[in-house]
Amino acid sequence: MNDIWGTLFNFDNYGELLVLVQNSIYAGALLGVVGGLIGVFVMQRDLPFAVHGISELSFAGASAALLFGANVVIGSMLGSLVAAMLIGILGVRARDRNSIIAVLMPFGLGLGILFLALYPGRSANKFGLLTGQIVSVDNEQLGLLVTISVVVIIGLMIMWRPLSFASVDADVARARGLNVTAISIAFMVLLGLAVAVSIQIVGALLVLSLLVTPAAAAMRVTASPLLTPLLSVVFAVVSIVGGILLALGGGLPISPFVTTISFLIYVVCRIVGARKPRQARLTAGRPITLRS
Amino acid sequence: MPTTETASVLSLRSATLSFGDRVLWKNLNLELRAGEFLAVLGPNGTGKTSLLKTILGQQRLTSGTIELLGAPVTRGSREIGYIPQQKMLEQGTPLRARDLVAFGINGHRWGLPIGGAALRAQVDEVLASVGATEFANTPVSTLSGGEQQRVRVGQAIAGSPRVLLCDEPLLSLDLHQQRAVSDLIDEKRRELTTAVVFVTHDVNPILGMVDRVLYLAGGMFRVGTPDEVLRSEVLSYMYDTPVEVIRSRGRIIVVGAPDGYGAHDHDQHHVGGH
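So the protein sequences, as listed, match chains A and B.
Here the first sequence stands for residues 1 to 292, numbered as in my numbering.
Here the second sequence stands for residues 1 to 274, numbered as in my numbering.
The set of hints was computed from the structure by calculation and includes no laboratory data.
Since the structure is predicted, the reported quantities are computational estimates derived from the model, not experimental observations.
Heads up, the beta-carbon is just placed ideally off N, CA and C, and yes, glycines get one too.
Check each hint, because a few of them may be wrong.
[To be verified] Label pairs and their in silico Cβ distance ranges: (1) A:V234 - B:E187: 42 to 52 Å; (2) B:V223 - A:F107: 47 to 57 Å; (3) B:A71 - A:T181: 20 to 30 Å; (4) B:E67 - A:L230: 44 to 54 Å; (5) A:N71 - B:R22: 49 to 59 Å; (6) B:T16 - A:S99: 34 to 44 Å; (7) B:G208 - A:F263: 53 to 63 Å.
[Stated by the list, open to error] Facing chain B, from chain A, some residues (calculated, C-beta under 8 Å): (8) Q44; (9) G177; (10) R220.
[What the hints assert, rightly or not] Calculated lysine to aspartate or glutamate pairs in the EDC-like style (CA-CA distance at most 20 Å, straight line): (11) B:K26 - B:D240; (12) B:K53 - A:D171; (13) B:K87 - A:D12; (14) B:K53 - B:E67; (15) B:K87 - B:E168; (16) B:K87 - A:D171; (17) B:K53 - B:E79.
Full structure from sequences and hints, please.
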């Protein structure tokens, strides 16, 4: 039992390790910002399942890159862009979207497993793609991750207002002349990029903990357009950075720590949110009786 | 660009819409003037919503032309205010009443939703004019149906549109709220001289404010004042079956119409005493 605890939480030589992974921590924090921001729109546009679907194809792209000796980040980016485009173009209606994702997901995962099985290199790299590996990302790739993250953040800031309008109020936005379809495709591209970078941190299987859980938690406790993205970012950054710091000593993957922290934040937010008064909602839920 | 009061805001000429063999309406000619209130009535499936989609450029005519402010329609327009049916939003949707109104003013502009003092003042003014100041900062997902539709009217008029398209905006509201919201729409179109196209399956809540009616049924249409169109002979001919239009205490009840229209009014009989 003590052995397990020792592996889970080991803080020997912590200072030295911290210096080694300094860059990873900064990159992790930046990815937290990406996940927290984009998550707000993933929730509003009802896309959590799409995030999962994109991440599996992104995983296939990354493992193909690993097998063929190409850049893994670029491979995973290509995979997720293809998936995001397919889901964005074919899945305009929610029902179509769900079935397309359900079809794509196992296909992507299968492809990825095939490429990994063929890959002759170290097995740590293999599992990294599924379960997270930020500490093993080299500086060149870290630079790429940071660049992509910055692109996503700037892209979101530019399209924030029309994207919010189109996300919560598509019919009116369309009537007012907004190109809702173009906005939705542009968003899928940003989402694809965000998934590609998240995979490098938490792994394909656990991307939701970064792109959905923090925003879902924030939406349990506030409906303010300013506070929601802010809290969501804080939750995501705390989850990642906290996860990296805790995982450091034991040399374990960071993802279990990240997902646990983000899950606990969600649980707390749900409890806090449930204690808020609900009278207003009851009047809003008046049944429709006028139709015969 | 100044336009005269009588200028045509919306004009359909020989407009026909059909899906395969099914003709929704044929050779529809309609000129809508600024400030005019047009009610679009008829049973389900006769192309009321399709007419709105045509005006919004989302549905092409099978033949004929449609022009908005003298130019062919485009996919949506800043000159259009749109009031949809009331719908529930997910709890936690980060959107307050004032944000919804602000979208009506600058929702199309790029950037972060940070408005200056001028925008804030403008939104406050709109909210006050639709009686929504009290819940300006309340999340839209927690507003009642009537409150939500008030905010919707505010959103739709905030950009001073030339045409207001209303797609069953009173559906799912109780009668008191129906009255309040329709009065508000009427008041605003007079203030702004905005033309209104109001799609509804029940004309009664807006009977007092309607200038003209476009009645769609059985692949046919009739345009005219409510008194000209909502008559037993006219509707009997359109439905191709005996239909009786009864006027009672300022309300119109259609009896014998094959689809939901008459049945719906039957439901509302108890409402007489006001």
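Pair hint outcome, B:K26 versus B:D240 [Cα-Cα no greater than 20 Å]
The hint holds at about 17 Å.
Taking only the CA atoms, is the gap from B:K53 to B:E79 under or equal to 20 Å?
holds (15 Å)
With respect to the beta-carbon atoms only, verify the hint that B:T16 and A:S99 lie 34 to 44 Å apart.
Once the Cβ atoms are compared, 36 Å apart, the range 34 to 44 Å for A:S99 and B:T16 holds.
Assess, step by step, whether the Cα of B:K87 is no farther than 20 Å from the Cα of B:E168, and give holds or violated.
holds (11 Å)
When the nearest CB of chain B is found for A:R220, is that gap smaller than 8 Å?
holds (6 Å)
When you take the CB atoms of A:V234 and B:E187, is the distance between them in 42 to 52 Å?
holds (44 Å)
Taking only the CA atoms, is the gap from B:K87 to A:D171 under or equal to 20 Å?
Roughly 12 Å between the alpha carbons, so the hint for B:K87 and A:D171 holds.
Straight-line Cα separation of B:K53 and A:D171 no greater than 20 Å?
Given that 20 Å is the threshold and the Cα spacing comes to 11 Å, the pair holds.
Has the given pair, B:K87 with A:D12, been kept, meaning a C-alpha gap of at most 20 Å?
Judged against 20 Å, a Cα distance of about 57 Å means the pair is violated.
How does the Cβ-Cβ distance of B:A71 and A:T181 compare with 20 to 30 Å: does it lie in that range?
Given about 22 Å between the Cβ atoms, the range holds.
Could you see if the CB distance from B:E67 to A:L230 stays within 44 to 54 Å?
At 46 Å between Cβs, range holds.
Determine whether the Cβ-Cβ distance between A:N71 and B:R22 falls within the hinted range of 49 to 59 Å.
holds (55 Å)
Checked against the numbered hints listed earlier, the structure breaks hint 13 alone; every other hint is satisfied.
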